[in-house]
Structures are given as structure tokens and as C-alpha cells.
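Asker: We have chain A already, so just place chain B on it with the hints.
Take a look at the letters that make up each chain.
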Amino acid sequence: MLWAVPALLFFAVFALAPLGIVAYLSFTSWDGLGAPTWVGGANWSRLLADRDLRDAAWHSLVLTVATWAFQTPVALLLGVWSAGRQRSRAVVSAVFLLPLLLSSAAVALVWKSLLDPNFGLVAELAPRLGFDDASWFSTPEGALTAVLFVLGWQFIPLHALLYQGGARQVPDVLHQAAAMDGAGTARRFWSITLPQLRNTVVASSVLMVVGSLTFFDTVLILTAGGPGTATTIVPLVAYRTGFEGFEMGYASAIAFALVLVATGISLLLVRVTGFGRMHSTREGL
Amino acid sequence: MSPARRVRRPNVVALGVLGWLVVVAVPVYAVVVSSVRRREDYLDGGPLALPDAVTADNYLHALRSGFPGYLLNSTLVALGVVALVLVLAVPAAYAIVRSGSRVSARTLRVFLLGLAIPAQAVIVPVFLLVSQLGLYDTLLAVILPTAAFCLPVCVLVLTTAMRDVPEEMYEAMALDGSGPARALVRLVLPLSRHGIATAAVYSALQAWNGFLFPLVLTQSESTRVLPLGLYDFQDEYGTDVPGLLAAVVLSVLPVLVACLFARRALVSGLVGAGGK
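Top to bottom, those sequences are chains A and B.
Counted the way this note's numbering counts, the first sequence spans residues 1179 to 1463.
Counted the way this note's numbering counts, the second sequence spans residues 516 to 791.
Simulated from the structure, these hints should not be mistaken for laboratory data.
All C-beta atoms, glycine included, are put in the ideal place defined by N, C-alpha and C.
A few of these clues could be false.
Some residues of chain A that are not near chain B, with every Cβ distance over 12 Å (derived) [unchecked claim]:
1. Gly1219
2. Leu1239
3. Phe1315
4. Ser1369
Reference listing, derived: stretches of chain B covered by chain A, where coverage requires no fewer than 3 residues with Cβ under 8 Å from a Cβ of chain A [to be verified]:
5. 537-543
6. 738-747
7. 761-775
Derived DEER-like restraints, expressed as beta-carbon distance ranges [unchecked claim]:
8. A:Pro1349 <-> B:Asp747: 45 to 53 Å
9. B:Ala696 <-> A:Gln1354: 32 to 40 Å
10. B:Ala696 <-> A:Leu1438: 34 to 42 Å
11. B:Ala571 <-> A:Arg1418: 36 to 44 Å
12. A:Ala1361 <-> B:Arg621: 39 to 47 Å
13. A:Trp1222 <-> B:Glu751: 39 to 47 Å
14. B:Glu682 <-> A:Ala1361: 25 to 33 Å
15. A:Ile1199 <-> B:Ala696: 35 to 43 Å
16. B:Tyr544 <-> A:Phe1248: 20 to 28 Å
17. B:Glu682 <-> A:Pro1373: 17 to 25 Å
Okay, chain A solo, but in the shape it has when bound:
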């Protein structure tokens, strides 16, 4: 058990302790330079009444749900497919993984260029596909769709990789036995691969949900929260409040609220799926 101590200590210093400090700062007024002044619950009552923040929370929620619904099926499909060891699959999955090599900043900048309504890829493709207007970023729905798509393009490979790893751990014996019993490919996927992948599904979903609640670099570069505030999500509000408005106290309150929500959702996912109690997907073998 001692072997876990260094990791725990390191994690405590750089993640857990700062979390405590942020909770304290949420009850203060602080411009980042002088000493924080205690203001009690002022930040929190402001937070509850903040209309802009409520809109941002709604955008975050929509984006999170849509991200999960979009990324999970695609990642599952690609991951399980690429788990097969044929050479052709290895080559094709190498192409799938390409977006993983790009940083968020690079992905956002590339897509900002490609989605440019005048010179980009969409300007060329949209008329051929029957759309008149290719200016995605000028309507709220279009901008949100663009963010959703770009995030999917960037993060689906990571989750496909998780599913690939999971699918390869499924013992061949199970597939062979099922095949002998006459189960087809689809039947084997639903009855063997998917149940065996439950650990992976939970891990991937937690990552995806917490990830969508917290990333902001893609949105910052791609749409800067616009048009208007149509794609302004909670982390972006927190960042701007803290590092552009220098209201570190209020920014800390928003940040801490975000942590509470994200923790609640993770706990719920872990509890509902019983991940903490799970020992191995190899049980019964």
C-alpha cells in the first residue's frame, strides 16, 4: 500500500490542496495582486442570480449531452472494428488516429480555416451538398454544431483507442464459443463485446462528460463564445472573469460550482454502474 503514497502526495499538492484554496477564495474578493478580502456569501448569491452564467450553464449542458450522444457510438464502432488484427484495419486505424496528434489549439485553428465561409472547405463543399449559406459561425445553432463537430473530430480517436484496448482484452474463447453456438457478428457484439466492455464504457463516459464540462481552449479559439454568447460555456466565463476581469473571487466561485457539478455527475456515473465494486470483466471465466 505504501507504493501508492508518492502518487497520492503529489496529487494532493497539485490538485486537492488547490481545490481547498479555491473554495476559500470563492468567499473573498480578490484582484489577484493584493490580499483577498473576506466577503462572505456575496459571490455565491451573485452566482445564483447571474443570467449570463445561467445561459452558459445551459450551453454547457447541451454541449455535454450532445457530445456524449455523438462521440460514444462512433468511438465504440471504430474501437471495436479496429480491435480486429487484420493488416488493413491497422492501416485504416492509423488514419483514424491522426487527429490525436494535433493539439487542441492546432485542431481549432485548422477548422477555423476550413470552416471559413469565404475561403474554407465548407465554402467549396456546401453549395455542392445543397446548402446556400456556409457561414456556420454566424448563427447560434451553426456555431454550436461546429463546436460539437470539431470536438468530436478531435476526441473520438482517444475514446476509440480506449474501446480498442478494451475489445482486445475480451477473451477469444467467448467469441469462439458463441460462434460455435451459431451467434452471428451482430449478436456477438451485443451479447459478448458490449457487456465485456462495461468498464471501458464507464471510463470513457466519465472522461467525456467531465471533459465537455471543462474544456474551453477549443471554444476560445474557434468561436470565442460567439456569435453573441451562443457558444459561451461555463469554463470560458470563469476564465474571462478571472484573467480578463481580474475578479478572482467570483471566478473561484464559478470554478468551484463547476467542480461540484462535475463531481456529482462522476459520482453518479460511478455509483449507477457500480464501477468501484467491480473486480474484473473476466469473472465467470
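Answerer: What follows is chain B alone, placed relative to chain A:
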């Protein structure tokens, strides 16, 4: 490989895979092709047209700017993060899986909760901490928090992988007189190498992708990492899309090379895995 896996899949899967292949490949093609075109040609022909005249000017321009330095910084940060994460997370996951006590379940829970701590949430205290340690505007300032935030996922991935090592194998090792350290090196590491590879790849990508920590914790040109460099290029280049895309391609090349090596290690590791 068993013949059972070679059964043909339904067409709907093939179509889905093919569809996503197009979604990934077309933009990649557009980026590469556009990066070797002159700016005027790009504005005239659009991103999909084959270039009439190929030019390396965009790349030379990027290389003459601060680019090589950013590349070096990003590489150092990624290597530092992966090394730190593996040294900390592998023993931790092993302890969690093997000790089986209530404490180990609680340890895992701490890391699971850690999944929910977003970097944005603690950026102000982390900034304070790094300044207090005198590390502000150094690469170490980026490495330490980035590694800390990789730990939850990596411990989770490694724990999942190590749980699947059969109990009988530990018993066999114990019968041969091996202690826990030897069991880790000879048994657990080889059998969970896929999980270890996943953890390493994940950490390296987090480090390479990292935007917020470098943005807040570094300042000067000499500690600038690639994502920040690209972000700055955006202002500098304006409408010079081919120039920007050339910088993006340059930022990917080293990772591409590294991934080719990692892939080979991954495949050979899988072939040699006994008992699976």
C-alpha cells in the same frame, strides 16, 4: 489470431467506418495540400484543389520564426510528464489492485474523484503554488501540474488493466519465491503493457495538447510551447492560411515519428503477451 474474428462484419459497420475515414482524411488532405501553396493560389483555388506550383516558403518562414524552440519545449514537457506519471501511477495502481484492503478502495476513490477536478478550477491556486516554489515561467511549472492532472486517468486505466491479471499467476510467482516487486516487474508489467502504453500515450497527448497551464504559468518566448506558439501565429499570420497550416504540419511531424515507434512497440507487446 483465431479464425472466428475473421467473420465478415455487416455492411453498416463498414459504411460507418468508411464515412468517418472520409471525415478524417479530407481535412488532413486539405491541410497538407494547402500548406505547400502560395497564399494567392489558396485564395483563388480553395483548400481542395491540387496545387499548380508547390512551394516550401511557408515551411521555411515558420522555421525561421521561433518554431524550433517551441518544438523543443513541447518535447521536453511531454517527456517529463510521461516519465513522472509512469513512475508515480504504476506502483500506485499495483498497490490498489494487490493490497485489497479498505484503504486501497479508498485510494482509488480519491483518484476517481480527481477525475472531476478540472484544471480551470484550480488554475489560480496552482499559479500561486508555482510562484511560491520559484518555478514561474519555467518548463517545470508546466510539467508538475500537467502530470498531476494525468494521474487520475492513468491510475484508472492501469488499475483496470492490472485487475485482469489472473490470481493464479500471482500464486505461481509466490510459490517460486518472488516478492511483490519482482511480481510487478516480471508479471504485472508484461501483462498490463497495453494499459501502460495507453497511459503513456494519454499523458504525452495531455502534455502536448496543454494550453491553459502554459498560458498562465509561462510568459517568455524561451519557455513557449507549441500550442501557444500556434495561437500567437494566428494573430501574426492573419489571413495567411497556408502559412498557419504549414506551422500546424510542422508541429505534428515529431509526434507522427514518435507514434510510429510507439505503435511498433505496442504491436510487438501484444504478440508476445502470454496467457491471452
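Asker: All hints are to be evaluated individually against the structure, with a verdict given for each.
Answerer: Going through the hints against the structure:
{"no.": "1", "hint": "Gly1219", "result": "holds, 19 Å"}
{"no.": "2", "hint": "Leu1239", "result": "holds, 15 Å"}
{"no.": "3", "hint": "Phe1315", "result": "holds, 15 Å"}
{"no.": "4", "hint": "Ser1369", "result": "holds, 14 Å"}
{"no.": "5", "hint": "537-543", "result": "holds (count 6)"}
{"no.": "6", "hint": "738-747", "result": "holds (count 5)"}
{"no.": "7", "hint": "761-775", "result": "holds (count 6)"}
{"no.": "8", "hint": "A:Pro1349 <-> B:Asp747: 45 to 53 Å", "result": "holds, 50 Å"}
{"no.": "9", "hint": "B:Ala696 <-> A:Gln1354: 32 to 40 Å", "result": "holds, 37 Å"}
{"no.": "10", "hint": "B:Ala696 <-> A:Leu1438: 34 to 42 Å", "result": "holds, 40 Å"}
{"no.": "11", "hint": "B:Ala571 <-> A:Arg1418: 36 to 44 Å", "result": "holds, 40 Å"}
{"no.": "12", "hint": "A:Ala1361 <-> B:Arg621: 39 to 47 Å", "result": "holds, 41 Å"}
{"no.": "13", "hint": "A:Trp1222 <-> B:Glu751: 39 to 47 Å", "result": "holds, 42 Å"}
{"no.": "14", "hint": "B:Glu682 <-> A:Ala1361: 25 to 33 Å", "result": "holds, 29 Å"}
{"no.": "15", "hint": "A:Ile1199 <-> B:Ala696: 35 to 43 Å", "result": "holds, 37 Å"}
{"no.": "16", "hint": "B:Tyr544 <-> A:Phe1248: 20 to 28 Å", "result": "holds, 23 Å"}
{"no.": "17", "hint": "B:Glu682 <-> A:Pro1373: 17 to 25 Å", "result": "holds, 22 Å"}
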